[in-house]
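Line order of the protein sequences matches chains B and P. Residue numbering for the first sequence follows the UniProt record's numbering, starting at 1 and increasing by one per position. Residue numbering for the second sequence follows the UniProt record's numbering, starting at 1 and increasing by one per position.
Note that these hints are calculated values from the structure, not bench results. In this text, all values refer to a predicted model and were calculated from it rather than measured experimentally. Just to be clear, a hint being listed does not mean it is correct.
[What the hints assert, rightly or not] Listed next, the stretches of chain B that the computed footprint assigns to chain P, with coverage defined by at least 3 CB atoms under 8 angstroms from CB atoms of chain P:
#, stretch
1, 179-191
2, 225-231
3, 254-265
By construction, the Cβ of each residue, glycine as well, lies at the ideal position given by its N, Cα and C atoms.
Each chain is listed here by its residues.
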Amino acid sequence: MLMKKTLGVMAVTGALAFAGSAIAQDKIKIGVSYPTPTHAWAAGMNWHAEQAEKRLEALYPDVDLILVNSPDPSAQASALEDLVSVHQIDALVVLPFESEPLTDPVLNVKKSGAWITVVDRGLSQPGIEDLYVAGNNPELGRVSAKYMKTRLKDGDNIVVLRGIPTVIDNERFDAFMEEIEGSGINVLDHKHANWNRDDGFEVMQDFLSRFPDIDAVWAQDDDIAIGVVAALKQAGRDGDGMFVVGGAGMKETIKSIMDGDTLIPVDVLYPPAMIATAMDATVAAFKSNGPVAGRYILGATLITPENAESYYFPESPF
Amino acid sequence: MTSASEGTAGKSPRRISVDLKTLGPALALLLLCIIGFLLNPAFVSEGNLTNLLTRSAFIGIIAVGATFVITAGGIDLSVGSMAAAIAGVMIIVMDNAVETLGTGVPTVLLGCGVAIILGIGAGWINGVLTTKGKIEAFIVTLGTMGIYRSLVTYFADGGTLSLNFEVRGTYRPVYYDSFLGLPFPVWVFIAVAICGWLLLNRTAFGRYCTAIGSNEAVAKYSAINVDRIKTLTYIIQGLCVAFATIIYVPRLGSASASTGVLWELEAIAAVIIGGTVLKGGYGRIGGTILGALILTTIGNILNFTDMISNYLNGTMQGLIIIVAVFLQRSDWKLGKNKKS
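Chain B extracted, bound-state conformation (with noise of 0.2 angstroms):
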């Protein structure tokens, strides 16, 4: 009696397993890859992937996004096996953990006639990806520097604190330089941060007591840029016109640039959020009459107490 119940049971579970993925079959399946957040722009970035699956989901029943997280460069492709093998995607969202190691596993996806698209950090072979999103780093200096110029004056003194010492780091300095070059602003020294609270802290103290004239801070980071506040704070040097440029959009700044504050009247966009730009634009790929496949780089928008309000996020860690 009970074994028959049992197969019974167990002849229904198969039929609608059977059934589950005949159905599954006809859904677009769409995988998304990134690094597991360490850190709270990588948080942030978690936080709109999720919230840009639930929206596409809701949006179209036939879509399904897979999200996964990778601790390293070789479980991120192993993650990008999987979801070939495992779930037979139709199109890739990858955000790379390093360009190097993941290039020929993101190739070996597009062998099997998945479309790419590949989010921030570029492969290091050209023509792999269909479609290509990415904020851009030269453009948040040039912002920030074009910034400085209509608050500064020639011959006002400013000092730079930098991320750390990477491409990334180079591209946004060197372009902030280039911008600021000849408009009289001296650059009185710039020093690596190395895109830390605790380390802006301290390398402003340093720079406050080594120069008695700063009239601004590019701290290029929201996180450097709270480290210095503090620093500038203590030394009783936050008065006087004094500010501070940060960058990428953090929560907490954008508040207070929508509050009025005046110490950071800005911030330069480097959104997280550019994984759900990358999202939209691979399921409009399967979904929009348009084309699609391209390069999509991003503005780095000055943002200003007028616009702020449709940059803040307040449920995102970031």
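Based on the hints, put chain P in the right spot on chain B.
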């Protein structure tokens, strides 16, 4: 060097060589300060000196604890992650206590209490796993290092934990205010250093640490409760980390996965620069303090000049650490030669 020998002119040559060795880190620090002054006179401004002292307090306090662990033949790699995890939990506890306790002193005291309990607990875990669990300290603390670091990432959901704004206002003076011209963190540093010195040099516990570090088997046969003493060194280390965290949190009122990265290596470097022997058996609290000051001064000086490429900061730090220890060890050898 000559002035040092003159200072101890009345004593035997053996005594002089020991003094030279203990003076090594102090001379290195003095030399660094002179270089700093020559590069930029603003180096010796009151503001910069208090910044320097306050900044060295974190590593210095942790390094005092590390001196005990290393003297007793152990090592603790988990201190940086432990500091981050304690800071994270402190912030969570204080934020949650706002509704019941308000934003005043009780909430801050609660946070500090939690930090101390966590520090002692984390140190105890390291100690017991090393002694009772019979796992090498390097492996135990490498493991807990990873655990604490990922815990703070988990608590913060990958992002940053921030302290409630009003609580920060209450807590802020602990880092930023001064007493008799010295910021509070420096006073904590001084207090921890004095207690550490007394404990290591004037108590049986300190002598046991040294004995265990020089020869654990002999210490055991001499009826020293080796496991208990070793566990206690890790607990002291945990307590020191808790103190460092208590003065760290009010600085920026936040903790994230990047809090306290590499503090363990800086603390160990401070201990070794100060003359404590890495394989145990000989410890010097005074040297450790100087070691912590030297490390912070190097970073400070590098920020005061643009003569050296930013990319070479690590090279300069590495060179100075090696040279500082080399000077000290050659003095050590000099002393032995004179004896023989």
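Hints, one by one, checked against the model:
no.: 1; hint: 179-191; result: holds (count 3)
no.: 2; hint: 225-231; result: holds (count 3)
no.: 3; hint: 254-265; result: violated (count 0)
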